[in-house]
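The listed protein sequences correspond, in order, to chains G and F. Under my numbering, the first residue of the first sequence is numbered 1, with each subsequent residue one higher. Under my numbering, the first residue of the second sequence is numbered 1, with each subsequent residue one higher.
Hints are not guaranteed to be accurate.
In silico DSBU-like links for lysine-lysine, alpha-carbon gap of 30 Å or less [what the hints assert, rightly or not]:
(1) Lys47/G <-> Lys45/F
(2) Lys115/F <-> Lys48/F
(3) Lys176/F <-> Lys203/F
(4) Lys215/F <-> Lys40/G
(5) Lys281/G <-> Lys293/G
(6) Lys45/F <-> Lys96/G
(7) Lys196/G <-> Lys253/G
(8) Lys96/G <-> Lys73/F
(9) Lys215/F <-> Lys47/G
(10) Lys203/F <-> Lys73/F
(11) Lys86/G <-> Lys276/G
(12) Lys253/G <-> Lys281/G
(13) Lys214/F <-> Lys47/G
(14) Lys40/G <-> Lys203/F
(15) Lys214/F <-> Lys40/G
(16) Lys73/F <-> Lys47/G
(17) Lys55/F <-> Lys115/F
(18) Lys96/G <-> Lys276/G
(19) Lys96/G <-> Lys48/F
(20) Lys131/F <-> Lys12/G
(21) Lys253/G <-> Lys131/G
Facing chain G, a subset of chain F residues (Cβ under 10 Å, in silico) [to be verified]:
(22) Ala49
(23) Pro72
(24) Val75
(25) Cys120
(26) Ala169
Label pairs and their in silico Cβ distance ranges [stated by the list, open to error]:
(27) Ala198/G <-> Pro72/F: 40 to 48 Å
(28) Gln184/F <-> Arg304/G: 50 to 58 Å
(29) Thr181/F <-> Lys252/G: 48 to 56 Å
(30) Glu136/G <-> Gly51/F: 45 to 53 Å
Think of the hints as simulated: they come from the structure by calculation, not from any bench. We treat Cβ as the ideally placed atom computed from N, Cα and C, and that holds for glycine.
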Amino acid sequence: MQNFEYASPTTKEQAVELLGKQWGETEVIAGGTDLLSLMKDFIVTPKRVVNIKNIAELRGVTINRAGGVRIGALTSLEEMIERLGKGYGALTQAAKEITSPQIRNMGTVGGDLCQRPRCWYFRAGFGLMAKNENGEPLVPNGDNRYHAILGNDGEAKFVSASSLGPGLIALAAKISVFGPKGAREIDADKFFVAPKSASDRETVLAPNEIVTAINIPSTVGVRSATYEVRQREALDWPMAAASVALKLDAAKKVTSARIALGHVAPTPWNAAEAAKFLVGKTITEDVAAEAGKIAVANAKSLSRNAYKIQLAQVAVKRAILQAAG
Amino acid sequence: MSSSDERHDHAADANTSGESAVSRRKFLKGTGVALTIPLVAGGEKIVKAAGADVKIYGPNKTEITLTVNGSPKKVSVEPRATLLDTLRNDLDTTGAKRVCDRATCGACTMIIDGKPVYGCTVLAIEAQGRKIETVESLAKGDALHPVQQAFWDNDAQQCGFCTPGFVMACKALLDKHPSPTEEQIEMGVGGNLCRCGTYHGIKGAIAQASAALKKGPAKMTRGGKSNG
């Protein structure tokens, strides 16, 4: 990896000032599970790395009076699993599917949201938009078996690698961010963006902003689940995932629903139409299956990933049944 | 490639006349010492950020102290040096293996502050002040740790390259869950790969080590029951 200078600030204000104004100049290190691999492969070559692990206020899981929870960005995935109770199935199940204790101990909640795509063209140095030396896109006619089936109209064809993103959208979480202009809160749904050029990133963060915490509103009465369709149970990314959060009334009818898909689009994918369909219904296998169909109604496969449409549909169905059951 | 690797490659090139009957490791060690570069001045500077003085380390080498298997070790590293490379190349602690070097295979598994991590994906500079345990910490003289003994007895390795990492992952699992369930075993060693496919033996080793550890300090020596 290219050498860099290293700073370890103790406040978020210092961290933000130490970060560059352009992407690529500097990088933030928390768990390092993604950044070190990116640097070893020269996919990112920062001149300075800013460690945020010594910023105490980015740590800890606190449950507030209203029943909501604030998860500090530096919380490890393992700590999050241990601290969150029943109502947070969408998050804890997704984190447990990261089947490596080493990654769960090292990787942070904030880092999960900021990790870069796993697109093999990107990781092999062909850029975020995966182009050859003549500027021709490689994904549409290349090996796109793990690429996007939704939101793939633009140049970005990779899938978001975030495990927690879909769960955070399902639970209507907000992401707290700090930058030179101070703090701001962003709906989990609006945090992720499909980049328009290879020098953009996959979130709304500016180069000198950091994630400070995740805020989840009260989950009282919420049933949530994440279901991943995987090629293997050991450490790997799923081929498709769905996170669902439901509220049911006394008669077991759905009063509110949120559904988000993972690993199918350049961002976690909010399946609002499918969620709307569930409201007022009693969850049965047929209802869940129909919601799955609606979730992928606008999916468009590339040359080699049509199978993912079926997987995504099934993931939605099974996540709904798990959440309701 | 880390600077340490480059140094060793150069070291190997620089001394090809060599004496006979010298092991590869001794050879590398000898030449490595000969080429040790003195600490470059200016490894640190101070910048102002948000009204405070913040130390910037590197890109030159800076001196750090690591607590490895109970002993403090001083070493000069560039910020990019990983803990794994620093232990292996500079501190002669080669139990943890470098295989994928991408936080995937688990051969470099070590325990930091009681938790299993991938040493290839920790910066050495960030491991200061933390308790680093590698496989070298387990055996006491000839007496194997119950987890090591269980690997021996259950034929839990073939080529053995993943073994130091697996042993550390299993130790960390049993420290946390002395009687692990099937799910806890899968969650606990899911971050390690064995390309020889000795998983069945490893599961048997976990069961034996779990029982042995609960019995308290057992007297175990090399060459227990046969692999039959």
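Find the hints from earlier in the document that the structure breaks and name them by number, from lowest to highest.
2, 4, 6, 7, 8, 9, 10, 13, 14, 15, 19, 21, 23, 24, 28, 29
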